[in-house]
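Participant: Read off the chains here:
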Amino acid sequence: MDLSYGPEYETFRAEVADFLARNWPPREGDGEDRDAQVTEFRRRATERGYVYRGIPKKYGGSEQPADLLRARIIGEEFARVHAPRELPGGGVGHLVGTLLECGTEWQRQQFIPKTLTGEYFWAQGYSEPGAGSDLASLRTRAELVGDKWVINGQKIWSSYAYKAQYMFLLARTEPQASRHRGISYLLLDLHQPGVEIRRIRQITGQSEFCEVFFTDATTPAEWIVGNRGEGWNISRVTLKHERSSGRGVDWNAAHFSWLVELAKRSLYDGRPAIESPEIRRQLAVIQGYVEAMRYSSYRQVSMEAQGEDPGMFRSLMKLTGSEIAEKIAMLGSRLVGDELMLLDMDSRREVRRGSDRWVHLLMSSLVMAIAGGSSNIQRNIIAERNLGLPRDNT
Amino acid sequence: MDLSYGPEYETFRAEVADFLARNWPPREGDGEDRDAQVTEFRRRATERGYVYRGIPKKYGGSEQPADLLRARIIGEEFARVHAPRELPGGGVGHLVGTLLECGTEWQRQQFIPKTLTGEYFWAQGYSEPGAGSDLASLRTRAELVGDKWVINGQKIWSSYAYKAQYMFLLARTEPQASRHRGISYLLLDLHQPGVEIRRIRQITGQSEFCEVFFTDATTPAEWIVGNRGEGWNISRVTLKHERSSGRGVDWNAAHFSWLVELAKRSLYDGRPAIESPEIRRQLAVIQGYVEAMRYSSYRQVSMEAQGEDPGMFRSLMKLTGSEIAEKIAMLGSRLVGDELMLLDMDSRREVRRGSDRWVHLLMSSLVMAIAGGSSNIQRNIIAERNLGLPRDNT
Amino acid sequence: MNFALTSEQKAMQESLRRMLDERCSARFLHTFIDEKKDYDAPLWKLMCDLGIPGMAIPEAYGGLGLGVVDLALAAEMLGRAAAPVPLHAHWLAAYAIALSSDEGQRARWLPDLAEGRRIATVALCEEQSRWMPETWELAAGANLEGAKLYVPCAASADLVVVGLAGGRLGVVDLRASGVTVERLPGIDRTRPMAHLRFSGAACELLAAPADAASRMVDVGLAILAADAFGGASRCLDMAVEYAKVREQFGRKFGAFQALRHQLANLANEVEPCRGLYWFGAYAQENVPERASHAASLAKAHIGSRFLEAARNAIEYHGGIGFTWDFDCHIWLKRAMLDQAWLGNADLHYLRAAERAGW
Amino acid sequence: MNFALTSEQKAMQESLRRMLDERCSARFLHTFIDEKKDYDAPLWKLMCDLGIPGMAIPEAYGGLGLGVVDLALAAEMLGRAAAPVPLHAHWLAAYAIALSSDEGQRARWLPDLAEGRRIATVALCEEQSRWMPETWELAAGANLEGAKLYVPCAASADLVVVGLAGGRLGVVDLRASGVTVERLPGIDRTRPMAHLRFSGAACELLAAPADAASRMVDVGLAILAADAFGGASRCLDMAVEYAKVREQFGRKFGAFQALRHQLANLANEVEPCRGLYWFGAYAQENVPERASHAASLAKAHIGSRFLEAARNAIEYHGGIGFTWDFDCHIWLKRAMLDQAWLGNADLHYLRAAERAGW
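Quick mapping for you: the protein sequence lines, in order, are chains A, B, C and D.
If you're matching positions, the first sequence starts at 1 in this note's numbering and goes up one per residue.
If you're matching positions, the second sequence starts at 1001 in this note's numbering and goes up one per residue.
If you're matching positions, the third sequence starts at 2001 in this note's numbering and goes up one per residue.
If you're matching positions, the fourth sequence starts at 3001 in this note's numbering and goes up one per residue.
It is possible that some hints are incorrect.
Some chain A residues close to chain B (C-beta under 10 Å, calculated; not the full set) [unchecked claim]: (1) Y268; (2) D269; (3) S276; (4) P277; (5) I279; (6) R281; (7) Q282.
Simulated from the structure, these hints should not be mistaken for lab results.
It should be emphasised that the depicted structure is a prediction, and the values quoted were computed from it without experimental measurement.
Beta carbons: idealized from backbone N, C-alpha and C, even for Gly.
Start from the sequences and build out the full structure, keeping to the hints where you can.
Facilitator: This is the structure:
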């Protein structure tokens, strides 16, 4: 058991830090605007092997051997100076791994390189109204007519679809097959008349999610990934290279440290909240959960780096993270006092400071308990997969 | 809306108080020992119409018209001086009402009067191992052989069966009938060779519960209450006269007031716990639940007194009460500090004072969440009966 | 003892409920919150027709002469419907003015307030959550200099009862000079708020007894508790109804035992609050020695239950519950206001502990 | 970074687990707790054969020379099995003695303790939960006058490390005159306790550094956290296993979704504690600036989770869980001791907050 990284890794850390010192934040001559600067930075980071590590060079990746500790060091160093890593979104997060695993060579060459640079931005088309976590019951259908798939139906909760050019989606192509056996995985150009995109306004006033409607939308026959009827399994493929649970931990740890800051500048019972034994105790209670998650995640990363099975913690991560977020949000909402009544829900500025953060978090923390498999779904999975309890036979 | 009782009831209250002042605690000449004194007191209270109010005079009751407010006044006044009311236990609590509703005239005359005086003490025989809340699946069987029922099987969780003379029990008499349709309600003399009683030791060291084993135990054919196969419904009959939810409220309120006393004599963070804002707040949080239950119960009693339906609160009482008890127990266990490590589990003395009470309560409060329909069963009932959600179809 | 409603009270709740079901539907609310108005004038007019603004104003001044319990019962219905009318603060202002021993003051303001021709509000809070009368610092006088925070409907109301140092109360004409209204980007658009800045604003001191301000605040707490109960029970109903109609994995949501138990737990948190808010209101006029305790306890307890219930209702709806176009968030945001306005649960739990005499 | 166990550590946990599964079954425990002994001598002997009493004692004195992480890993297994052996206090006493700069002291006591020929314990607590070294008031000296509370296994142990005013430590022979042992009716019969009264008892001061006492207490907290994790995970396992075999309404308990979710929630509370106790132990020798914080946080957090888990496990068993003859209560009572010994969660949450530097 050793929480230090050892000389080899510390050398690596120094290299990363040196690279960052010379390349981030961008300098004069790195490009004309912010987006171009970030693109250029990401190109250099790829060249050095710091991003897109699991992706072959021929598709624009840096093709590095999997090394969870290097990945963690990169994560820590980049986070320290707020430097961007891989492009966010489902294109890099899901599609690229899927194509590497199940796509044709043509698809890989066609889509991966431009997805990595951000030239192609992808929306995800999984959820449908009435089938949030229940993908097997989805109803969007695609029919092969000549050399084209003709797609009709509706998707929902597609993040930033309004600014995406392409979508990867699940559609029912084999209507006779039962449930999830009739689904295929298709790629689609969103810029066509058969596609209508509506932004969904959230309760926070923001609207990154969209509904997407298909009315005889079309896509070439060869834009299917894998075989017909295999879409369900293909959608569950993820790039296993260096996958880590660090992000949830980092999110909670950051919010917890902001909560401590909030307690320092808030009043409770007439004096600074941070001096109140009650608030101190409540903070320590939350810190217990945050640190438990942190060290369990270190343990998991370490064991996976050695090819060992870390047990049930991976399945717990999402539920644990949601519940910590709720605890942080609830204590924050106590500490903001009267400002709980304030939030400008029409403002486009980011909610990053002061009481706004906490009022916003009281709402947005709900997303964690809902999106990407609700807490109840997580509990089902834990009960079945980790505790070995009988499946819900109903 | 009026929380005062008005002149008529206040006169009644004065009468009750006067009776108590003259009769409780017992004086010289009220009987040779404590038991005899209590019996004599209860005889006089019956004569005055203060106890056994729903039971006809011919069976030894006081046969008073139902009046929830008088019942509440009697409850308050008797509690104030710690005077005994009806005999505790299932004989008075369940059997008498059942016989009044479903028994034969012979059964009523034979059993009710002596049950009221305590001469006959009854054990309840409902639960079985493997059928805690699931009475429909019980397996103790009774077969009519000649003029006798021959009983074989096993009961569990029968309170104080070791000191009871009789038992009222459910047994399967119609093996062909499905589930709860094959069950009958029988009376039985426990003092016979075919009955073996074993006391169950609880985690607190006490042992009021028993297991009862029947090996060809017998009871006369006419000791069945109601018809064969109707036992399931008969067991659910209760004496509706003045039934009230006051006891759970009184229990919680008493424990809450003791908790405040505990906070006054305990230290927290180096000073009296009652002065700590945290403990004060925690107490107020619990008081919110206690008072919500109290006034909801007043509302319920008032509405039932007027023949109105008070809605879902009755179904919530048990769950609410259990959860309040847990909150009280948990805060108490924080306040006792090191004495959480102490409890003499072999002592026969009652656990009524000091830290013992709280250490004991941390365990015994679990009984409320388990016995008489677990909290999960209560949630099922609430969901189906009160919220109208679909039955668990599984 | 009869801790139940009179037939008049039941009828009043029922007629309010029916009117609000019809005139204050969720669809109506969505339009309202997107328009960002202070209140809905037609709905206010309907309230006036029913005499609601003057419920607790003595009949001599054109009110209905009812009590705090009646205000609370009405507030439950307003909370249930999320009605965008500025009644809570209006009631409090009228309650304070009715406590004046000066017949001239009562006669000057109460009739207009009873009929709802003029809208009144209350200005209580100062910096650092100083909601309680004993913490007010705004100097009393014929002209006010300073600020008051989180004043409901201030941009549209006609007059405001202002809390002053020493727990005194004054009345200020909101149309007069020396008053600046700063509208706030409020979380709860059904009850918009503003900060008030006074620079020489003319103020008439109320000839009210020394405890008038604290009685008014206690009544306010009881009313907010009732509002919160109405809101919480609406959240429960929404979640239960949704579970009955929505399907997942080929079954109704409500057939999943885990969700059924979560809803039963929600009911168990919400329903007992009814008796608590009843007593909170009842104590104001009938058990004065427990009025402050009951009011603070009810506000803290039910405000907390409402916030939980609103969050849980959204969670139990899944993604749809998180959208602006769905109804849930309207009540979550009311819960946030009910939690904070007049002081949050921490403040009132501690005040309840103080008043409990521990 | 490698936050994982070495193969030696895994093997040690596995061999302890196997030995305890065999020699410390639930049936064995029921017999033990009814006999009310201080500890089980045959089990202690087995522990000695494995070198467990001397795990963290330097090899020079016959110990295994392992570290605090190894103690914690063993403690997890002891907690899991509810093993009735006085190891926690024995380890702490040995840990303190090993910190002595006096070779004579180390050589006099450690070899016996390493082999388990003599049993040591620690006397820390004084009235009003004064567990922490900075609060001790028992005057240091060659002869002690006063009392120490909640001393594990005091009636059977041979020597005791006593916490003294100023955070100093002394060693007292429990067989010598001037020591009275008052056995307590303890809730946890697998770890009996006694109060000690000293009247002139001979005491030898340890030549240990100024922070020895606080380091010993921090190690104790880390070990208790590990014990609590072992106990909590046993409770989870018991509840899960019972749900797999027990039937109600014709179905396995575990097929009821509500119970399955309750068990998933229990797992979610318990399992992440593993990493927390690992770090609590690891910090003692590797991150000294965070040792106290990590130890207090782990003790408070995991102690609380264990108490909840033990209560829930009983509830999920139904009536059978409430009987003495069933196993659950053994762990509930261990949870109560783990919660209180060395100071309860309130004390350690506040200490963690202090050490967090807020």
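Participant: For every hint, state whether the structure bears it out.
Facilitator: Hint by hint, here is what the structure shows:
Interface restraint check for Y268 of chain A: the shortest CB-CB distance to chain B comes to about 8 Å, inside 10 Å, so the restraint holds. Annotation: D269 of chain A was flagged as interfacial toward chain B, and the flag holds, the nearest CB pair being 5 Å apart, inside 10 Å. Interface hint at S276 of chain A: satisfied, since its Cβ lies 7 Å from the closest Cβ of chain B, which is below the 10 Å cut-off. The criterion of a C-beta within 10 Å of any C-beta in chain B is met by P277 of chain A, whose closest approach is roughly 5 Å, and the hint holds.
Restraint check, I279 of chain A versus chain B: the minimum CB separation of about 9 Å is within 10 Å; hint holds. Of the supplied interface hints, the one on R281 of chain A holds, with its beta-carbon coming within about 7 Å of a beta-carbon of chain B, less than 10 Å. Given hint, Q282 of chain A at the interface with chain B, holds; its Cβ is 9 Å from that chain's nearest Cβ, closer than 10 Å.
In this structure, none of the earlier numbered hints is contradicted; all agree with it.
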